[in-house]
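Asks: The chain contents come next:
2 protein chains.
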Amino acid sequence: MKQIAIDMDEVIAHPNQRFIDWYERDTGVRVEEAELFRTGKKFYQYLGEEFAGSIRGYLFEKGFFKDLPIMEDSVEVIKWLDQHYEIFFVTSAMEFKNSMEDKYDWLQKHFPFISWKQYVFCGRKDMISTDYLIDDHVSNLTTFKGQGILYHAPHNLDNTKYPRVKNWKEVRTFFEGELREEGIV
Amino acid sequence: MKQIAIDMDEVIAHPNQRFIDWYERDTGVRVEEAELFRTGKKFYQYLGEEFAGSIRGYLFEKGFFKDLPIMEDSVEVIKWLDQHYEIFFVTSAMEFKNSMEDKYDWLQKHFPFISWKQYVFCGRKDMISTDYLIDDHVSNLTTFKGQGILYHAPHNLDNTKYPRVKNWKEVRTFFEGELREEGIV
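Residue numbers (this note's numbering), protein chains in the order written: chain L, 111 to 295; chain A, 111 to 295.
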């Protein structure tokens, strides 16, 4: 069975939504995610140099990763993928020590059908060897030896090197193609 | 630069010592580690079926992994290895959610010269692709595609398939041989 590594942030979980909510809580100003997509920026880049540090600091606060919104259709599609592939959740948790337990709980809650044996919390991802990696960061795909798949996000709009998936329905379509090509379905 | 994945428990950290200490705290009975080596058993196997569950339960208690004793010479040898290889600490932390922050702090304390980017907390290790893996569990070496190195422990005495290292001085000797063979030193 082939293996798929799936990133968490901006792929199955939605920290951008939390950035937007906390920023509104602290300043009263609501930034729409469409605005990030229009400008091709991460939230803390969008606000400009003078805010970048303090907004990025949200990531280090206890609770930032707790109960993050989940990407639409991700549960259903991963349930389907799980029948044909071995799934690993591979997330860069190490920069944010506070995130680890929250991420663990989040996975247990939303994906109880995937064992903790299939979680990988890491710093870098270049030593992960699976057949596929679905990730929103081009830098992770560049060092990956298997087939990289780019999950559409404001900060990766200009990349054309990897197959791009805009939502989980498109992930399913991509892998239906792969399975057909291999004669599995 | 070649990459070495290094396991934590019973390789750089010493949970067996904690098992022994907590068991003595709870029962007044001191089991020497030499006894585990003599019988070739994990601590909770050594005590017999009727104790196995409750003793293994220590692993799930908050604090079990906090300030674990460190294996002799591991800091000095890993400092030396770090000059010739990329080091990753790869540990099965996922079964014990409570262990993650303690393991993180422990690595930061004892190995401040290795970046958090080089930590991997996982369930299984078969998707880790480095050149070497130093581990005390034969099952992890069996599924590993690079060169496995078995770190001597009571529960692996009968294995002869992998090069065995009995302490960190022997790890250094092993890699001095590898570097010589490659003409690097």
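There could be a bad hint or two in this list.
No distinction is drawn between identical chains; accordingly, a pair holds when it is met within one copy or between any pair of copies.
[What the hints assert, rightly or not] Calculated pairs, DSSO-like style, for lysine-lysine (alpha carbon to alpha carbon, straight line, at most 30 Å):
hint, residue 1, residue 2
1, K219, K271
2, K151, K112
3, K207, K176
4, K172, K271
5, K279, K172
6, K172, K255
7, K219, K189
8, K227, K151
9, K112, K152
10, K112, K172
11, K207, K271
12, K271, K176
No wet-lab data here; the hints were simulated from the structure.
Asks: Determine for every hint whether it applies to the structure shown.
Replies: Hint by hint, here is what the structure shows:
1. Taking CA atoms no more than 30 Å apart as the test, K219 paired with K271 passes in neither setting, with 34 Å inside one copy and 40 Å between copies.
2. Taking the closest pair of Cα atoms, K151 and K112 never come within 30 Å of each other, the shortest separation being 34 Å inside a single copy and 35 Å across copies.
3. With identical chains, the CA atoms of K207 and K176 are at most 30 Å apart both within one copy (13 Å) and between copies (15 Å).
4. In this homomeric assembly, K172 and K271 never come within 30 Å of each other (Cα to Cα): the closest approach is 36 Å inside a single copy and 45 Å across copies.
5. Proximity of K279 and K172 under a CA criterion of 30 Å is satisfied in neither setting, with 32 Å inside one chain copy and 40 Å between copies.
6. When the C-alpha separation of K172 and K255 is checked against a cutoff of 30 Å, the pair qualifies neither within a copy, at 34 Å, nor between copies, at 38 Å.
7. Taking identical chains as interchangeable, the C-alpha atoms of K219 and K189 lie at most 30 Å apart only when both belong to the same chain, with a minimum of 14 Å there against 40 Å between chains.
8. With identical chains, the CA atoms of K227 and K151 are at most 30 Å apart between copies only, with a shortest distance of 24 Å across copies and 34 Å within one.
9. Taking the closest pair of Cα atoms, K112 and K152 never come within 30 Å of each other, the shortest separation being 32 Å inside a single copy and 34 Å across copies.
10. Taking the closest pair of Cα atoms, K112 and K172 never come within 30 Å of each other, the shortest separation being 36 Å inside a single copy and 36 Å across copies.
11. In this homomeric assembly, K207 and K271 never come within 30 Å of each other (Cα to Cα): the closest approach is 32 Å inside a single copy and 37 Å across copies.
12. For the homomeric pair K271 and K176, neither the shortest alpha-carbon distance inside one copy (33 Å) nor that between copies (44 Å) is at most 30 Å.
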